[in-house]
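Each chain, written out:
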Amino acid sequence: MNEGLYWEGMSLLDFARGPALRWAVIIFVIGIVWRLTALLLASRKQLEPAKGSATSGGMKTLLTRSAPAHELEKNIVFQHYSGYAWHIGMFVVLLFFAPHMLFFKDILGFGWPTLPNLFITFFTVVTMGILLVLLARRLMNPVLRQLTTWDDYISWLIAFLPFLTGIMAFTHITFGMRYETVLALHFLSVSALLIWFPFGKLMHAIFIWPSRYKVGAAFARRGVRA
Amino acid sequence: MAASKTVGDVLRAHGVSRRGFMKFCAATASMMALPPSMVSTVAAAIENARRPSVIWLPFQECTGCTEAITRSHTPTLEGLIFDSISLDYHHTLMAASGQRAEDAMMQAMEENYGNYLLLVDGSIPTEEFESHSCTNGHTHLSMLKDAATGAAAIVSVGTCAAYGGIPKANPNPTKARSVQDLITDKPIINVPGCPPVPTVLTGVLAHYLVFGTIPELDPYGRPMAFFGQNIHDRCYRRPFYERGQFAETFDDEGAKKGYCLYKLGCKGPITYNACATVRWNEGTSWPVQSGHGCLGCSEPDFWDKGSFYRPLSAAYWGDARTVGIGAAAGAAAGLAAAALARGKQKKAQQEEKA
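Chains as they are written, first to last, in our numbering: chain E, 1 to 226; chain P, 1 to 354.
Because the hints were derived from the structure by calculation, they are not lab data.
Treat the hints with caution; some may be incorrect.
[Unchecked claim] As a list, the in silico DSS-like pairs of lysine-lysine whose alpha-carbon atoms are at most 27 Å apart: (1) E:K45 <-> P:K256; (2) P:K256 <-> E:K105; (3) E:K45 <-> E:K60; (4) E:K74 <-> E:K201; (5) E:K201 <-> E:K60; (6) E:K51 <-> P:K257; (7) P:K175 <-> P:K145; (8) E:K51 <-> E:K201; (9) E:K214 <-> E:K60; (10) P:K257 <-> E:K45; (11) P:K353 <-> E:K45; (12) E:K201 <-> P:K344; (13) P:K175 <-> P:K186; (14) E:K60 <-> E:K74; (15) E:K105 <-> P:K346; (16) E:K214 <-> E:K201; (17) P:K346 <-> E:K45; (18) P:K346 <-> E:K214; (19) E:K45 <-> E:K214; (20) P:K256 <-> E:K214; (21) P:K145 <-> P:K186; (22) P:K347 <-> E:K214.
[Unchecked claim] Under 8 Å between C-beta atoms, here's a sample of chain P residues computed to sit facing chain E: (23) A225; (24) G228; (25) P239; (26) A314; (27) R321; (28) A327.
[To be verified] Covered, in the sense of this in silico footprint (three residues per stretch, anywhere, with C-beta under 8 Å from a C-beta of chain P), are these stretches of chain E: (29) 42-51; (30) 100-110; (31) 208-218.
Computed from a predicted structure; not experimentally measured.
C-beta: ideal position from N, C-alpha, C; glycine also.
Isolated chain E (complex conformation) (with noise of 0.2 Å):
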């Protein structure tokens, strides 16, 4: 399948297609294997005596933190509201734009249903749009800027790029490049974002179940509510 793929003259395009691509999944199941693995057998003596069950205490709270706690709600309903309405959107339009369903089923051997391109433009608006209002209320708020690291704004950046690229190839705004240059930005935007995934906090898509988990079976454990 993926024979002939080196050749004279490669263009940019046939670069990011192909090599950039799949080391970019190489690097990308190699991290995150080995970073769930270190977590998963990573070990905490417990020294106090259980004061509630941890396996029931974890499952919850992979259910109660999908919502804000009600003591907090008044201080984070719009970053949280935000949050959700980013990934929903980020989801619309990486899994139903046509082509990038066939990017899918050609890896899953299966595809779905997509939407027309003026639901996949106005929701790759909207996502865009939330994440620039996210950053500068991140850069406006001095306690958020505080607690910044640089993690964060290099995640912020790799999940932008493959929006900002895409909306660009796909309105032909693309400042005087070529479209198929700017098509091999896309691909190599999402190489970048398939690299840094397993390494920076973009990891949180995975590690947030582990992490819940946890931290709700640490605080049943000790009979608090997490």
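For chain E, the structure is supplied; the task is to place chain P on it using the hints.
Leaving out everything else, chain P in the frame of chain E:
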């Protein structure tokens, strides 16, 4: 035909009316993206143009380019214009054969030294394979170099001449090269396509007749007037792409309704050519209209860019085995990291106890 006759003389001799001629000039001007005010300039220039001597050298090719150009325009005005250049050598089309044909070529090259147009179709084998493609005992590499020396400009007809095409496809068994790889000191116009759209070739020649210069070219050496926009942007099926209506197979309901062929591997979005606007066989149809996705045949190395039926967005992400090896390597790294962490933990606990 004597090369001294003007194009106008030849057209009149063929019984072409003034009205028909002006219609052709208007169409040519519009194809070349010139304003309507330029039509009379185009007409005057074509009418009075001295028929340039044209030498057409076929190299490592399939004659498809010649077939396309001769078959699809009989006997249209474009065909006559093509007839109206002084085609002094084209070994498939010319009546003469053997030494006489070669003599005609040599004579044309000598008489029009520095002024003739050299048209080439087919790629050129090089290095140890140079002798794998010869005409009359001369290797095509030597023929190209000799003919290029006295040429005013070179037109690479078809993807093989322009970029190496199928003969150059991986693993390139004859070390085939394109004209622009081998000749660097002459203006070269690439008219790629497998085969190229005949009207595009006549348009390029008309531009040369009118202005005496080569047209504006894109980064791949193709005339912008014909290769400036991609197939996808000019495709009549584009609205179905926007609506998300696709043919899933070549004979499903979507295919019958003429939906977009993107899912069937159409390379229209990254292919630049005039097929979607000029079409073939006097504007009758073109590949996408006949129900098959664009192959991207006017793009460099189109033969090596994966299956024609693989959607453009399906990248070459690897395979299950590679991913499996990656996962195993990741698991090993994770185990090592966990073991290391536990070791440290144990040591810290022992130190605490002590």
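Structure-based check of all given hints:
For the proposed pair K45 of chain E and K256 of chain P, the alpha carbon gap of about 67 Å is over 27 Å, so the pair is violated. Between the alpha carbons of K256 of chain P and K105 of chain E the distance comes to roughly 23 Å, so the proposed pair stays at or under 27 Å and holds. With a CA separation close to 22 Å, the supplied pair K45 of chain E and K60 of chain E stays within the 27 Å bound. This hinted pair checks out: K74 of chain E and K201 of chain E have alpha carbons roughly 25 Å apart, not beyond 27 Å.
For the proposed pair K201 of chain E and K60 of chain E, the alpha carbon gap of about 24 Å is at most 27 Å, so the pair holds. Simply put, K51 of chain E and K257 of chain P have alpha-carbon atoms about 67 Å apart, too far for the 27 Å limit, and the pair is violated. A threshold of 27 Å between alpha carbons decides the hint, and for K175 of chain P with K145 of chain P the separation of about 17 Å falls inside it, so the pair holds. Of the supplied pair hints, the one linking K51 of chain E and K201 of chain E is violated, its CA atoms being roughly 33 Å apart against a limit of 27 Å.
Straight-line distance between C-alpha atoms of K214 of chain E and K60 of chain E comes to about 11 Å, which keeps the hinted pair within the 27 Å bound. Between K257 of chain P and K45 of chain E, the direct Cα distance comes to roughly 66 Å. Violation of the 27 Å bound is thereby established for this hinted pair. Among the hinted pairs, K353 of chain P with K45 of chain E is consistent with the structure: their alpha-carbon atoms are about 14 Å apart, no more than 27 Å. Proposed proximity of K201 of chain E and K344 of chain P is supported: the alpha carbons are some 25 Å apart, at most 27 Å.
The hinted pair formed by K175 of chain P and K186 of chain P meets the criterion: a straight-line CA distance of about 22 Å does not exceed 27 Å. At most 27 Å may separate the alpha-carbon atoms for a hinted pair to count; K60 of chain E and K74 of chain E meet this at roughly 23 Å. Between K105 of chain E and K346 of chain P, the direct Cα distance comes to roughly 47 Å. Violation of the 27 Å bound is thereby established for this hinted pair. Between K214 of chain E and K201 of chain E, the direct Cα distance comes to roughly 18 Å. Compliance with the 27 Å bound is thereby established for this hinted pair.
At most 27 Å may separate the alpha-carbon atoms for a hinted pair to count; K346 of chain P and K45 of chain E meet this at roughly 10 Å. For the given pair, K346 of chain P sits about 21 Å from K214 of chain E by alpha-carbon distance, which is consistent with the 27 Å threshold. About 13 Å separates the Cα atoms of K45 of chain E and K214 of chain E, which keeps this hinted pair within 27 Å; it holds. Between K256 of chain P and K214 of chain E the CA atoms are separated by roughly 55 Å; this puts the pair beyond 27 Å, and the hint is violated.
At roughly 11 Å between alpha-carbon atoms, K145 of chain P and K186 of chain P fall within 27 Å of each other, so this suggested pair holds. Proximity of K347 of chain P to K214 of chain E is assessed by CA-CA distance (about 24 Å); at most 27 Å being required, the pair is judged to hold. With a least beta-carbon distance of about 17 Å to chain E, the hint placing A225 of chain P at the interface is violated under the 8 Å criterion. Given hint, G228 of chain P at the interface with chain E, is violated; its Cβ is 11 Å from that chain's nearest Cβ, farther than 8 Å.
Given the 8 Å rule on beta carbons, the hint for P239 of chain P is violated: about 10 Å separates it from the nearest Cβ of chain E. Proximity of A314 of chain P to chain E holds as hinted, the smallest CB-CB distance being about 4 Å (cut-off 8 Å). For R321 of chain P, the interface hint is violated, the least distance from its beta-carbon to any beta-carbon of chain E being 11 Å, above 8 Å. Hint status for A327 of chain P relative to chain E: holds, with the closest Cβ pair at about 5 Å, below 8 Å.
Residues of the region 42-51 of chain E lying with their CB closer than 8 Å to a CB of chain P number 3, which satisfies the three-residue condition for coverage. For the region 100-110 of chain E, the stated coverage by chain P is satisfied: 6 residues place a CB nearer than 8 Å to a CB of that chain, which reaches the threshold of 3. Given a C-beta distance limit of less than 8 Å, the hint that chain P covers the region 208-218 of chain E is violated, as 0 residues qualify and 3 are needed.
Violation of the numbered hints given earlier is confined to hints 1, 6, 8, 10, 15, 20, 23, 24, 25, 27, 31; the remaining hints are satisfied by the structure.
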